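2 protein chains.
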Amino acid sequence: MAEHTVTSFDDDLAHISRLVGAMADLAGTMVGDATRALIESDTGLAQRVVSDDVVMDARQRELDNRAITLIAKRQPMADDLRAVVGAIRMAGDLERIGDLAKNIAKRVGAVGQGSMSRDLSHSIDAMAQLVLIQVKGVVEEYSAGDTAALARLRNDDERIDVKYTSVFRELLTYMMEDPRNITACTHLLFCAKNLERIGDHVTNIAENAYYVLTGEQLPAARPKTDETAMPAPAA
Amino acid sequence: MAEHTVTSFDDDLAHISRLVGAMADLAGTMVGDATRALIESDTGLAQRVVSDDVVMDARQRELDNRAITLIAKRQPMADDLRAVVGAIRMAGDLERIGDLAKNIAKRVGAVGQGSMSRDLSHSIDAMAQLVLIQVKGVVEEYSAGDTAALARLRNDDERIDVKYTSVFRELLTYMMEDPRNITACTHLLFCAKNLERIGDHVTNIAENAYYVLTGEQLPAARPKTDETAMPAPAA
Numbered sequence: 079m080a081e082h083t084v085t086s087f088d089d090d091l092a093h094i095s096r097l098v099g100a101m102a103d104l105a106g107t108m109v110g111d112a113t114r115a116l117i118e119s120d121t122g123l124a125q126r127v128v129s130d131d132v133v134m135d136a137r138q139r140e141l142d143n144r145a146i147t148l149i150a151k152r153q154p155m156a157d158d159l160r161a162v163v164g165a166i167r168m169a170g171d172l173e174r175i176g177d178l179a180k181n182i183a184k185r186v187g188a189v190g191q192g193s194m195s196r197d198l199s200h201s202i203d204a205m206a207q208l209v210l211i212q213v214k215g216v217v218e219e220y221s222a223g224d225t226a227a228l229a230r231l232r233n234d235d236e237r238i239d240v241k242y243t244s245v246f247r248e249l250l251t252y253m254m255e256d257p258r259n260i261t262a263c264t265h266l267l268f269c270a271k272n273l274e275r276i277g278d279h280v281t282n283i284a285e286n287a288y289y290v291l292t293g294e295q296l297p298a299a300r301p302k303t304d305e306t307a308m309p310a311p312a313a
Numbered sequence: 079m080a081e082h083t084v085t086s087f088d089d090d091l092a093h094i095s096r097l098v099g100a101m102a103d104l105a106g107t108m109v110g111d112a113t114r115a116l117i118e119s120d121t122g123l124a125q126r127v128v129s130d131d132v133v134m135d136a137r138q139r140e141l142d143n144r145a146i147t148l149i150a151k152r153q154p155m156a157d158d159l160r161a162v163v164g165a166i167r168m169a170g171d172l173e174r175i176g177d178l179a180k181n182i183a184k185r186v187g188a189v190g191q192g193s194m195s196r197d198l199s200h201s202i203d204a205m206a207q208l209v210l211i212q213v214k215g216v217v218e219e220y221s222a223g224d225t226a227a228l229a230r231l232r233n234d235d236e237r238i239d240v241k242y243t244s245v246f247r248e249l250l251t252y253m254m255e256d257p258r259n260i261t262a263c264t265h266l267l268f269c270a271k272n273l274e275r276i277g278d279h280v281t282n283i284a285e286n287a288y289y290v291l292t293g294e295q296l297p298a299a300r301p302k303t304d305e306t307a308m309p310a311p312a313a
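Chains as they are written, first to last, in the working numbering: chain A, 79 to 313; chain B, 79 to 313.
The shape of chain A in the complex, shown without the other chains (with noise of 0.2 Å):
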């Protein structure tokens, strides 16, 4: 009777973490598609990351409802603890970061096409790409239970900051040139914007799969700074 009890937590532990996966999956494909629609002016496309959203929700609602009823029928301690709420906690960062590429795919219309520059969708997606090599990572890493490479991870974050800064410039610098370029380049900056939360996101996901393996938290937490915005430079 034990055995059984201890093996059927062991089947719902695995059941959350195939969904904690499956969300991952689905927030690889959001992002990219949502990169590529706003660089490709693909509003159909768009619509597929609004509609993904939804499905999004629901997972996590069944992850939290799974994970809470787990916890209440079963009490675990320790070890299993740390992974059910780990798992809730990766569950919100994923859903977040599904939320943040439907808003980008919601600007898609609004940037409007041919609006952007060779140079500037280039530095886009530059970003993007970065972005997308974390939200892919970080899942990949937790599953191998590769802890070196979920520290080496959170750090890479730096990078997606770094071309952010770089992306606000020259946004910036387009609006300067032409106000025509302003409304456009206004959505753009949100959409930067919301590239470089989802890489705090994978940053949160990276510390909590780490304090899940490991029982620790990550030594020395970077600090999250937006560069952009430090006092002004001379307009």
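Where hints are given, some of them may not hold.
Ranges between beta-carbon positions, derived for each pair [to be verified]:
(1) A/Arg96 / B/Val133: 34 to 44 Å
(2) A/Ser244 / B/Pro297: 40 to 50 Å
(3) A/Asn233 / B/Thr292: 43 to 53 Å
(4) A/Ala136 / B/Thr292: 20 to 30 Å
(5) A/Glu236 / B/Glu236: 37 to 47 Å
(6) B/Arg237 / A/Ser199: 31 to 41 Å
(7) A/Ser86 / B/Glu294: 25 to 35 Å
(8) B/Glu218 / A/Ser221: 37 to 47 Å
(9) A/Arg258 / B/Arg237: 28 to 38 Å
(10) A/Gln153 / B/Thr251: 58 to 68 Å
Stretches of chain A that chain B covers, calculated by requiring three or more beta carbons in the stretch to come under 8 Å of a beta carbon on chain B [as the list claims (entries may be wrong)]:
(11) 152–165
(12) 248–258
(13) 262–274
Please keep in mind that the hints were generated in silico from the structure rather than gathered at the bench.
Note that the structure is a prediction, hence the values are computed from the model and not measured.
Just so you know, even glycine gets a beta-carbon here, dropped at the ideal spot from N, CA and C.
Fit chain B to the known structure of chain A by using the hints.
Relative to the frame of chain A, chain B by itself:
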């Protein structure tokens, strides 16, 4: 013995509720201070908001730990479980509100002194006051168990969205009028967007509070749209 257990559960739950209340008070203070710091270019006050966020994060961690321990130890069912999970979710939204207030505060330096016209600071202040009423109201209505007020409050978020759209357009106009406004206005755009997002978190809290109190979802959730992300008006 059974009675002792029951009392102790109630004590634990009351403690958790007090923590939610404390987080809500702090969230209100942070939103109020961040806005005042922005309008008055008060970098000292902005710094206080940044420090407050550390307290906010600590409170959320404490609440999370207590709530999870309570679920694991006491296996609450139905109403009780709903109350604990509701507290975890409300704390999550309050923590995000603190984060957004901090992000507004961190832009105070970048917006700079004297760069805001009287009209503009009036518009932003009016939006912030709407948000502040919502933040302060939602936990009060929850504590009072006033479900009708929670439903009203959820619907009032629409007024914030309308205000955000008008501030957004006003900021674009300033940017188009004079390129020297672009840098400061860009930061103000992010601040206004953060206020709008604070409103969305209040909506989440209202929905959670309603669910905890009634066991039912609020009917027909108002679709959250950012109207500024619709196809762009001619620049």
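Checked hints:
The hint said 34 to 44 Å for the Cβ distance between A/Arg96 and B/Val133, and at roughly 37 Å that hint holds. Roughly 46 Å separates the CB atoms of A/Ser244 and B/Pro297, a value that falls within the hinted 40 to 50 Å. With their beta carbons about 46 Å apart, A/Asn233 and B/Thr292 fall inside the hinted range of 43 to 53 Å. The beta-carbon spacing between A/Ala136 and B/Thr292, approximately 22 Å, falls within the hinted interval of 20 to 30 Å.
In this structure the hint that A/Glu236 and B/Glu236 lie 37 to 47 Å apart at CB holds, the actual value being about 39 Å. Taken as a hint, the range 31 to 41 Å holds for the pair B/Arg237 and A/Ser199, whose Cβ atoms sit roughly 37 Å apart. Against the hinted window of 25 to 35 Å, the Cβ-Cβ separation of A/Ser86 and B/Glu294 comes to about 31 Å, which satisfies the hint. As the Cβ distance of B/Glu218 to A/Ser221 is approximately 44 Å, the hint placing it in 37 to 47 Å holds.
At roughly 32 Å, the beta-carbon separation of A/Arg258 and B/Arg237 lies within the given 28 to 38 Å, and the hint holds. Take A/Gln153 and B/Thr251: their Cβ atoms lie about 59 Å apart, and the range 58 to 68 Å holds. Coverage of the region 152–165 of chain A by chain B holds in this model, with 5 residues showing a Cβ closer than 8 Å to a Cβ of that chain against a need of three. Coverage of the region 248–258 of chain A by chain B holds in this model, with 5 residues showing a Cβ closer than 8 Å to a Cβ of that chain against a need of three.
With a cut-off of 8 Å between beta carbons, the region 262–274 of chain A has 6 residues touching chain B; three or more are needed, and the interface restraint holds.
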